[in-house]
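Chemist: Take a look at the letters that make up each chain.
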Amino acid sequence: MFWQISLELLQGFGVTCLIFAATLLFALPLGLVLSFGSMSRFKPLKYVVKVFVWIIRGTPLMLQILVVYYGPALIFHWGFLDRIVAVVVAFVINYACYFSEIYRGGIESISKGQYEAGQVLGMTRSQIFFRVVLLQVVKRIVPPMSNEVITLVKDTSLARIIVVEEILKVAYDFTVTGLIWPLFYTAVYYLVFVGLLTLLFGWLEKKLQYFKV
Amino acid sequence: MAFLEVKDYRKKFGENEVLKGISFSLEKGEVLAIIGSSGGGKTTLLRCLNFLEIPDEGTLTLNGETLFDASEKKQNTESQIREKRLHFGLVFQQFNLFPQYTVFRNITLAQALLAGQAFAQKKREFAAARRAAPKEKRRALKAEHRRILAEIRENQKRGIAEKTDALLERVGLADKKNAYPYELSGGQQQRVAIARALALSPDILCFDEPTSALDPELTGEVLKVIKGLKSSDSTMIVVTHEMEFAKNVADRVIFIADGRIEEEGTPAEVFGDPKSEKTAAFLRKSLEELF
Ligand SMILES: Nc1ncnc2c1ncn2[C@@H]1O[C@H](COP(=O)(O)OP(=O)(O)O)[C@@H](O)[C@H]1O
Ligand SMILES: [Mg+2]
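So the protein lines, in turn, are chains E and L.
Going by the numbering used here, the first sequence opens with residue 1, and the numbers climb by one from there.
Going by the numbering used here, the second sequence opens with residue 1, and the numbers climb by one from there.
Calculated directly from the structure, the hints in this document are not laboratory data.
Wrong hints could be hidden among the right ones.
[What the hints assert, rightly or not] As a list, the in silico PhoX-like pairs of lysine-lysine whose alpha-carbon atoms are at most 25 Å apart:
| no. | chain 1 | residue 1 | chain 2 | residue 2 |
| --- | --- | --- | --- | --- |
| 1 | L | 7 | L | 84 |
| 2 | E | 169 | E | 154 |
| 3 | L | 275 | L | 7 |
| 4 | L | 247 | L | 224 |
| 5 | L | 20 | L | 278 |
| 6 | L | 227 | L | 177 |
| 7 | L | 224 | L | 163 |
| 8 | E | 212 | L | 176 |
| 9 | L | 275 | L | 285 |
| 10 | E | 212 | L | 177 |
| 11 | E | 112 | L | 84 |
| 12 | L | 73 | L | 12 |
| 13 | E | 207 | L | 176 |
| 14 | L | 7 | L | 28 |
| 15 | L | 227 | L | 176 |
| 16 | E | 43 | L | 12 |
| 17 | E | 206 | L | 177 |
| 18 | L | 142 | L | 123 |
| 19 | E | 206 | L | 176 |
| 20 | E | 50 | E | 112 |
| 21 | L | 122 | L | 157 |
| 22 | L | 177 | E | 207 |
| 23 | L | 20 | L | 84 |
| 24 | L | 74 | L | 84 |
| 25 | L | 12 | E | 112 |
Using the sequences provided together with the hints, build the complete structure.
Modeler: Here it is, written out as structure tokens:
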């Protein structure tokens, strides 16, 4: 019985991990694109991006999931997206916005002198970004990114609002049959996952301790 | 014609005209000291020479070649500017070393990137040559090219390493080759910054108050290094508050006030017998600060 339920929860946890991984895979680069947009010297682009980020960060993720899933069908009478696809789309947009703000803060915290030192040494813009600035930015954003990524692990449970069978949904379904403990048992899965992530980020922070910015 | 000729440089920030027509010339191997109270436009002038700012008006001639002419906007695209920058070096007040790299890597990075570009260019040329060659010869060519490219890379690496070791020797930091910037004192960091600027062998090396961010007891070691460069025939422009240094090391001195050259001459002329009342007042004031 215990192993049976553990296994079923593990399946749900697989869905949780899928949402988690797909979100990171797309939101990490998309966030960088958005951060460049929000720092653009082309004013209209800058303000469009800023307003977009404000809307996404200013509304609940749960609402965004509902809009992505029901919106196209209700407004345009298109079909429904696959549930998991809708969830991932909503998560990617939401997290890309949060990441973009972290990236922007990191990039803007690098002193102008670093860029100018690269310029007078004849480096190109992209050489300055990749060879001089990037690692310093990474070092600065590891702590806030680790917070955000850990939050993402737990946010995946919002997917059940459109009946995606992630771990908490699976556990919740057991309560209907009178089993409450699987619900509490899910905490173990989350804790192990977050524990591993914490170790990973701790390791990364340590790796980057060899220099000071 | 002098080695460097700057003519009528003007620069505005919005409505604020910071450089109001600066003209001067400099011979090869000379050291020019620029003095003046803060806000006068000294930093802006150095930034214009290094193309960190683009002057609104004026021309710059180096070694007979017109490097910059403000009236010809078209020739100032980003990659052209980048090439022009290589004629000049700049040592900043705040050092601006790259914190994630060792002393050695700080000095070699820009050279390595340039070498990489030259290498990639050669590789493309070889590839084109192979495509043009008859089919049966390509295989032999490929082996030959591979050997030459490996040799080029090896020479580049060795050249850069040897040059860097010599530079570190010159600024007295041979033992700090593998240290990171945060492990160094301000004076040592500034000496690394000088070596980094020298690594690209600029025609003219500029210093913007290289000792202003340092504790007084550390200024000596940096000034000594700059003085040492003079004997090796480097052409230098040094913005400084160190009047003694300007007096002893410079071949010529310019006093800038409010975006204009107020006084110009040999150290003996400017310090011993200033013609302008502004200069005299400035020199009196900087003497007072000393005591
Ligand atoms: N990027 C800039 N934008 C606007 N004003 C500037 C800028 N850089 C310098 N200035 C102004 O130019 C004037 C001269 O500055 P600067 O060249 O730094 O003088 P100095 O180095 O002689 O102290 C100052 O009034 C300063 O406020
Ligand atoms: Mg200044």
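Chemist: Decide, hint by hint, whether the structure agrees.
Modeler: Going down the list of hints, with the structure as the test:
no.	hint	verdict
1	L:7 - L:84	holds (17 Å)
2	E:169 - E:154	holds (13 Å)
3	L:275 - L:7	holds (22 Å)
4	L:247 - L:224	holds (14 Å)
5	L:20 - L:278	holds (17 Å)
6	L:227 - L:177	holds (22 Å)
7	L:224 - L:163	holds (21 Å)
8	E:212 - L:176	holds (17 Å)
9	L:275 - L:285	holds (16 Å)
10	E:212 - L:177	holds (17 Å)
11	E:112 - L:84	holds (21 Å)
12	L:73 - L:12	holds (16 Å)
13	E:207 - L:176	holds (22 Å)
14	L:7 - L:28	holds (17 Å)
15	L:227 - L:176	holds (21 Å)
16	E:43 - L:12	holds (23 Å)
17	E:206 - L:177	holds (23 Å)
18	L:142 - L:123	holds (11 Å)
19	E:206 - L:176	holds (23 Å)
20	E:50 - E:112	holds (23 Å)
21	L:122 - L:157	holds (16 Å)
22	L:177 - E:207	holds (21 Å)
23	L:20 - L:84	holds (23 Å)
24	L:74 - L:84	holds (14 Å)
25	L:12 - E:112	holds (20 Å)
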